[in-house]
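On the provided structure of chain A, position chain B as indicated by the hints.
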Amino acid sequence: MLERIAKVCKAFIENDELVITEQTIFSELELDSLDMVELVMNIEEEFGVTIEMNEAIKSVGDLMKILQNAK
Amino acid sequence: MLIISAEMMSKLADWTDRASCVLFGDGAAACIVTKGNALKYLKLTAKGNIDILNIPLGTGNSPFQEKRPNGFVNMLGQEVFKFAVFMIESQSKYALEELNMTADDIDYFVLHQANKRIIESARKRLNQPKEKFPINIQKYGNTSSVSIPILMDEMLEDGRIKKGTKLFLSAFGAGLTTGTCVMIWE
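Order-wise, the sequence lines are chains A and B. For the first sequence, numbering that gives the first Met the number 0 assigns the number 0 to the initial residue and increments by one for each residue that follows. For the second sequence, numbering that gives the first Met the number 0 assigns the number 0 to the initial residue and increments by one for each residue that follows.
It cannot be assumed that every hint is accurate.
Using 30 Å as the maximum straight-line C-alpha spacing, the simulated DSBU-like pairs for lysine-lysine come out as follows [claimed, not checked]:
#  : chain 1 : residue 1 : chain 2 : residue 2
1  : B       : K165      : B       : K34
2  : B       : K92       : B       : K39
3  : B       : K123      : B       : K92
4  : B       : K46       : B       : K131
5  : A       : K9        : B       : K115
6  : B       : K165      : B       : K39
7  : B       : K131      : A       : K9
8  : B       : K131      : B       : K42
9  : A       : K9        : B       : K129
10 : B       : K92       : B       : K162
11 : A       : K9        : B       : K92
12 : B       : K39       : B       : K161
13 : B       : K123      : A       : K6
14 : B       : K92       : A       : K6
15 : B       : K165      : B       : K46
16 : B       : K92       : B       : K131
17 : B       : K129      : A       : K6
18 : B       : K39       : B       : K162
19 : B       : K115      : B       : K129
20 : B       : K123      : B       : K42
21 : B       : K92       : B       : K42
22 : A       : K6        : B       : K115
23 : B       : K115      : B       : K92
24 : A       : K57       : B       : K123
25 : A       : K6        : A       : K64
26 : A       : K57       : B       : K115
27 : B       : K123      : A       : K64
28 : B       : K162      : B       : K138
29 : B       : K162      : B       : K115
30 : A       : K9        : B       : K123
31 : B       : K123      : B       : K39
Counterexamples of contact, computed for chain B against chain A with all Cβ distances above 12 Å [unchecked claim]:
#  : residue
32 : W14
33 : N36
34 : K46
35 : G47
36 : I49
37 : P68
38 : I136
39 : N141
40 : P148
Rather than coming from a laboratory, the hints here were simulated on the basis of the structure. Backbone N, C-alpha and C fix where the C-beta goes; we use that ideal spot for every residue, glycine too.
If we strip away everything but chain B, and leave its shape as in the complex, we get:
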């Protein structure tokens, strides 16, 4: 199975807002998934909350709706931060308990590269060393759904990920949605 994702966050950022437009980046990733035993845990959630993170859609030239142009990425930063950090901590506890593992057993926590402070806060709550929390947001910005695959590709290239590496992956996004998985690389 070939899974592809492509993101052009630059089209969704407000380039008149210096504070937010610099946060995002464009990117794409492709991954071939085959039968195997690498995946040990998978959980997806959605809260049905659009208030704290959304991209308002425009109404085009519909005569039946009040005209509204396409919007930009819109978020309540503090609430997003809180949601993300609590989510990483709680989802990791659920996942690792189910697998009879602890955070100490995980080689790398590969987290969605939305914000370095989120990653650092989660790391402290999990009481784990920095080396286990790879970061590349400084190179690419927040590339949405491709941030984890881009990071994993770099880690495969430099040998951090190899056969037997225990990975905890966690991402979140608008919805509010979360995805968590644990895998032992094959």
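This is chain A alone, in the form it adopts within the complex:
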């Protein structure tokens, strides 16, 4: 799962060198609130799920928990 999230993040930020871990915090990637919406939309398409934007998604770990619950 982490590898797929990392692939989506790197493609969105257009940086293949980026290191993405479970501890990665999205604000440290300089993503604003609308960037986060776009990233979440790309994640939704990658995993075939719907994610509510009112969920707290501050880190990759948060995203992984949401995706696990969405299954």
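Okay, now just chain B, sitting in the frame of chain A:
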């Protein structure tokens, strides 16, 4: 048929909220529609969702309701963004498939001027060049129902729209409502 719309979004914005009041503008548009073959596709939708975009109405001085003043434009920005971008992408796919066209065939995507980031995100998803996505929100703000006609008027003036121009129009609003059409300008 004469179609007129006039919007005074400045009356509905909260001028104590710096973040939102600057987004909107006032405007009006009029259009004469006659018989012809320009319109190739038209679809309107409404979701019946008032939560993410609404303007609460006040209760005046009715003695039967808890007093509440008129509200201001109220929106969950991230949800509106998501709805708008997905809508533009999906509605364009439906429309163009039905017409046996692709996004490459369209000369201009004339989108409701709500937010530049929405337009840019939709553009990337459709994999189309910037020139096909005209933007004038920086001049007028979000003028609600008149944003597309104002933009089209500018495009007619400067010659971007002329006979044979293939246009994809898409708008959304509270409701949540959407309107999509494809036309070949006559």
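Outcome of the hint check:
1. Restraint check: the Cα-Cα separation between K165 of chain B and K34 of chain B comes to about 18 Å, which is no more than 30 Å; the hinted pair holds.
2. Taking the CA atoms of K92 of chain B and K39 of chain B, the gap is near 15 Å; set against the 30 Å cutoff, the hint holds.
3. At most 30 Å may separate the alpha-carbon atoms for a hinted pair to count; K123 of chain B and K92 of chain B meet this at roughly 14 Å.
4. Among the hinted pairs, K46 of chain B with K131 of chain B is consistent with the structure: their alpha-carbon atoms are about 28 Å apart, no more than 30 Å.
5. This hinted pair checks out: K9 of chain A and K115 of chain B have alpha carbons roughly 23 Å apart, not beyond 30 Å.
6. For the suggested pair K165 of chain B and K39 of chain B, the alpha carbons sit about 10 Å apart, so the restraint of at most 30 Å is met.
7. About 27 Å separates the Cα atoms of K131 of chain B and K9 of chain A, which keeps this hinted pair within 30 Å; it holds.
8. For a cut-off of 30 Å, the pair hint linking K131 of chain B to K42 of chain B stands: about 21 Å separates their Cα positions.
9. Taking the CA atoms of K9 of chain A and K129 of chain B, the gap is near 23 Å; set against the 30 Å cutoff, the hint holds.
10. Between K92 of chain B and K162 of chain B the alpha-carbon distance is near 24 Å, which keeps this suggested pair within the 30 Å criterion.
11. Annotation: proposed proximity of K9 of chain A to K92 of chain B holds, straight-line Cα distance about 26 Å (limit 30 Å).
12. Among the hinted pairs, K39 of chain B with K161 of chain B is consistent with the structure: their alpha-carbon atoms are about 16 Å apart, no more than 30 Å.
13. Our distance criterion of 30 Å between C-alpha atoms is met by K123 of chain B and K6 of chain A, whose separation comes to about 18 Å.
14. Distance check on the hinted pair: K92 of chain B and K6 of chain A sit about 26 Å apart at the alpha-carbon level, within 30 Å; holds.
15. For the hint linking K165 of chain B to K46 of chain B, the alpha-carbon distance of about 28 Å falls within 30 Å, and the restraint holds.
16. Only pairs whose Cα atoms come within 30 Å are accepted, and K92 of chain B paired with K131 of chain B is accepted, the gap being roughly 16 Å.
17. Simply put, K129 of chain B and K6 of chain A have alpha-carbon atoms about 26 Å apart, close enough for the 30 Å limit, and the pair holds.
18. Using a Cα cut-off of 30 Å, the hinted pair K39 of chain B and K162 of chain B holds, with the two alpha carbons roughly 15 Å apart.
19. Note on K115 of chain B and K129 of chain B: the hinted pairing holds, with a Cα-Cα distance of about 12 Å set against a maximum of 30 Å.
20. A threshold of 30 Å between alpha carbons decides the hint, and for K123 of chain B with K42 of chain B the separation of about 23 Å falls inside it, so the pair holds.
21. At most 30 Å may separate the alpha-carbon atoms for a hinted pair to count; K92 of chain B and K42 of chain B meet this at roughly 12 Å.
22. The suggested pairing of K6 of chain A with K115 of chain B holds, with an alpha-carbon distance near 26 Å, which does not exceed 30 Å.
23. The straight-line distance between the Cα atoms of K115 of chain B and K92 of chain B is roughly 21 Å, inside the 30 Å bound, and the hint therefore holds.
24. Pair hint K57 of chain A plus K123 of chain B holds up; C-alpha atoms about 25 Å apart against a cutoff of 30 Å.
25. Note on K6 of chain A and K64 of chain A: the hinted pairing holds, with a Cα-Cα distance of about 18 Å set against a maximum of 30 Å.
26. A hinted pair counts as satisfied when its Cα atoms are at most 30 Å apart, and K57 of chain A with K115 of chain B qualifies at roughly 25 Å.
27. Restraint check for K123 of chain B and K64 of chain A: the C-alpha separation of about 28 Å stays at or below 30 Å, so the hint holds.
28. A hinted pair counts as satisfied when its Cα atoms are at most 30 Å apart, and K162 of chain B with K138 of chain B qualifies at roughly 26 Å.
29. Taking the CA atoms of K162 of chain B and K115 of chain B, the gap is near 27 Å; set against the 30 Å cutoff, the hint holds.
30. Only pairs whose Cα atoms come within 30 Å are accepted, and K9 of chain A paired with K123 of chain B is accepted, the gap being roughly 16 Å.
31. Our distance criterion of 30 Å between C-alpha atoms is met by K123 of chain B and K39 of chain B, whose separation comes to about 25 Å.
32. With a cut of 12 Å on Cβ distances, W14 of chain B stays outside the contact zone with chain A, its closest approach being about 23 Å.
33. At roughly 37 Å from the closest C-beta of chain A, the C-beta of N36 of chain B stays outside 12 Å, upholding its exclusion from the interface.
34. No beta-carbon of chain A comes within 12 Å of the beta-carbon of K46 of chain B; the shortest separation is about 14 Å.
35. Residue-level check passed: G47 of chain B sits 18 Å from the nearest beta carbon of chain A, beyond 12 Å.
36. In this structure I49 of chain B is separated from chain A by more than 12 Å, as the shortest Cβ-Cβ distance comes to about 16 Å.
37. For P68 of chain B, the condition that its CB be more than 12 Å from all CB atoms of chain A holds, with the nearest at approximately 26 Å.
38. The Cβ of I136 of chain B lies farther than 12 Å from every Cβ of chain A, with a closest approach of about 14 Å, so its non-interface assignment holds.
39. Every CB of chain A lies more than 12 Å from the CB of N141 of chain B, the least distance being 15 Å, so the non-interface label holds.
40. With a closest Cβ-Cβ approach of about 26 Å to chain A, P148 of chain B is found to remain outside the 12 Å limit, as its non-interface label requires.
Figure legend: structure checked against the earlier numbered hints; every hint is met.
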